[in-house]
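Engineer: So you can see what is in the structure, the chains are spelled out below.
2 protein chains.
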Amino acid sequence: MPEKVKCEMRSWENVYQVSRKLAEKIKRSGYQPDIIIGLARGGWVPARNLCDFLGVKDLVSLKMEHWGVTATPDGEAKVKFPIKLNLSGKNVLVVDDCSDTGKSLVEAKKYVEKLRPKQARTATMQIFDTTPKEGIPDFYVEKIPWIWVIYPWNMTEDLINLVSKLLGKRGKMHIDHIRKGLEEEFEVSIDAKFLKEIMLESERRNKAMRIGDEEDHWISVVE
Amino acid sequence: MPEKVKCEMRSWENVYQVSRKLAEKIKRSGYQPDIIIGLARGGWVPARNLCDFLGVKDLVSLKMEHWGVTATPDGEAKVKFPIKLNLSGKNVLVVDDCSDTGKSLVEAKKYVEKLRPKQARTATMQIFDTTPKEGIPDFYVEKIPWIWVIYPWNMTEDLINLVSKLLGKRGKMHIDHIRKGLEEEFEVSIDAKFLKEIMLESERRNKAMRIGDEEDHWISVVE
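So the protein sequences, as listed, match chains S and L.
If you read the first sequence in numbering that gives the first Met the number 0, its first letter stands for residue 0, the second for the next number, and so on.
If you read the second sequence in numbering that gives the first Met the number 0, its first letter stands for residue 0, the second for the next number, and so on.
Isolated chain S, as found in the complex (with noise of 0.2 angstroms):
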């Protein structure tokens, strides 16, 4: 996550019916996977929709480590947990929650490719205006001015870190100011009871403490 960001928070509801229409392009184009293979951990909800939608019964899972390429040593993709794949004669669709960089999904298809399958094309929800050539998938739903986009699935976490760069900048602060600094700098907002929560789970997670007992400051806690 950058410094400096801009949120969009999305719905359970939102995403499924962006995954339809995700599955929508896909019937259309005539494109059918017997495989669906979707990237851990963003690409696990879609991925799982899009099965239903397509009714396709293999699903796999791939990490792709983020070094990437360049970084190693034959040149080859790097996955985190390796699988056994037979891909022969088989349509593979390579599923991410959105493409920024590309990067995941670009070095996903290449890793896909070497296994030798019939076809293999790539979907994700979202695209950026900033996504470059080489990183969009085949199908997309929307194209987007950059955001970062908060998933049902990854809340937690991307509030805990939202909060900790609000910490990191400002030292002690109370949870009301927490709450209007995610608002202002992030354009997040959300109820005094969630954040509270958010920061119970910061706390034991190590990334923030409260300090005192009677008033609800909290600093960061350094890494």
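Just so you know, not all the hints are guaranteed correct.
[Unchecked claim] List time: in silico SDA-like cross-link candidates among lysine to any residue, alpha-carbon distance up to 25 angstroms:
1) L:Lys195 / S:Arg27
2) S:Lys195 / L:Val17
3) S:Lys26 / S:Gly88
4) S:Lys83 / L:Leu84
5) L:Lys26 / S:Glu156
6) L:Lys192 / S:Val14
7) S:Lys56 / L:Val78
8) S:Lys206 / L:Asp57
Hints are computed from structural coordinates only; laboratory data are not their basis.
With chain S held as given, fit chain L onto it using these hints.
Structural biologist: Chain L only, in chain S's frame:
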């Protein structure tokens, strides 16, 4: 899916809240997983949610073969897409949507334990009154009378299966009667527009076929 079956649809919001409660139970127990294993395909969404709630980065997928332990020559649990996993020193959490017979969960845990993790635990959102003792996960939220839970990520597939059952029993049916049949036999209410989409998708998958042009009559396609 059994022949006669009472169904219950769950919303995305419901699944999210139940996964959150599941995470709370796990946190209260003091168990902190280092890696989450989501069983394909049903366990993917709760597994992804638990990663977020519990702060777990490593997420992998496992697909158990259903003929299971006894059917393999060497008595080992079989997985469909074998994955290279180093679990030594790690706390593992195996996640599925629900535990019905408990077979997948039990086999997955056996498979994981052969890889000698530090600890392995299991978690599902629901179990049933009928779930055998050995199939009860370490963590679950709801214990309910046996029903077929229609999760939102499997709605298309489940509805196509239910419609196939109706058509198989009664032969030619008008779409309005299919809708009534879903209500009467499975306690599933869906609106006419959505049912039409399901029928068209069912036709695309060669499971049902529309007959005649003017009236919306459908028959099942014998596979």
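Engineer: Now tell me, hint by hint, if it's right for this structure.
Structural biologist: These are the hints, each one checked on the structure:
1. Between Lys195 (chain L) and Arg27 (chain S) the alpha-carbon distance is near 17 angstroms, which keeps this suggested pair within the 25 angstroms criterion.
2. Taking the CA atoms of Lys195 (chain S) and Val17 (chain L), the gap is near 20 angstroms; set against the 25 angstroms cutoff, the hint holds.
3. The straight-line distance between the Cα atoms of Lys26 (chain S) and Gly88 (chain S) is roughly 19 angstroms, inside the 25 angstroms bound, and the hint therefore holds.
4. Note on Lys83 (chain S) and Leu84 (chain L): the hinted pairing holds, with a Cα-Cα distance of about 12 angstroms set against a maximum of 25 angstroms.
5. Between the alpha carbons of Lys26 (chain L) and Glu156 (chain S) the distance comes to roughly 16 angstroms, so the proposed pair stays at or under 25 angstroms and holds.
6. Straight-line distance between C-alpha atoms of Lys192 (chain L) and Val14 (chain S) comes to about 20 angstroms, which keeps the hinted pair within the 25 angstroms bound.
7. Under the criterion of a C-alpha separation no larger than 25 angstroms, the hint pairing Lys56 (chain S) with Val78 (chain L) is consistent with the structure, at around 14 angstroms.
8. Between the alpha carbons of Lys206 (chain S) and Asp57 (chain L) the distance comes to roughly 19 angstroms, so the proposed pair stays at or under 25 angstroms and holds.
No hint from the list above goes unmet by this structure.
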